[in-house]
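Work out the full structure: start from the sequences and follow the hints.
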Amino acid sequence: MKKPVNHLASSTEQYAHYRLPYHAELLALDNLTNQLRAAWQTLLPSEALDGVRVYIDDGERLVISTANHTLCNHLTYHRQILLAELHQHLPELTRITTLQFRVITLKSLTAQPNLQCNQSVNNVNLGKPSATTRQNITQLAALVTSSERLQRSLQKLLDD
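When we follow the working numbering, the leftmost residue of the sequence shown carries the number 1, and every step to the right adds one.
If you are wondering where the hints come from, they were derived from the structure by calculation, not from laboratory data. Backbone N, C-alpha and C fix where the C-beta goes; we use that ideal spot for every residue, glycine too. No false leads were slipped in.
Pairwise CB distance ranges, derived in the manner of DEER restraints: (1) Thr133 with Asn68: 50 to 56 angstroms; (2) Leu26 with Ser46: 22 to 28 angstroms; (3) Ala28 with Val103: 18 to 24 angstroms; (4) Ile104 with Ser147: 45 to 51 angstroms; (5) Val144 with Asp50: 49 to 55 angstroms.
Right, here's the structure in full:
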């Protein structure tokens, strides 16, 4: 008997080599971020420059993200000085008339090690499952599994 073709795997393999959506735009924003960091190297410490990232460039306005509220306030206060330095260092960016700063914080899912359920379970039955539960499991087993052997095993577990 011939093994059936796994069409899902072949399409996944095919899509794995595609570029991300908006790949060119992401590269352009990364390039602009690097140019911005080079232009502001004399004005800001390296720790501040590492946290700065351009995430919107709509022609006349650059929206820059930081992860720190204090840094965002500092950059907003000195926005005209930063804009003048940007124009001086990169004359091709004289189209930029406005700098805006936003705080974007990314929280890692692993940063919360003690994930707990907020609800407590009060009605735990340590005995046999109820008749309704057994009926539901039997019906779902018939729908989900096509193996008679597996269905008999589940039924045996319920009967014990």
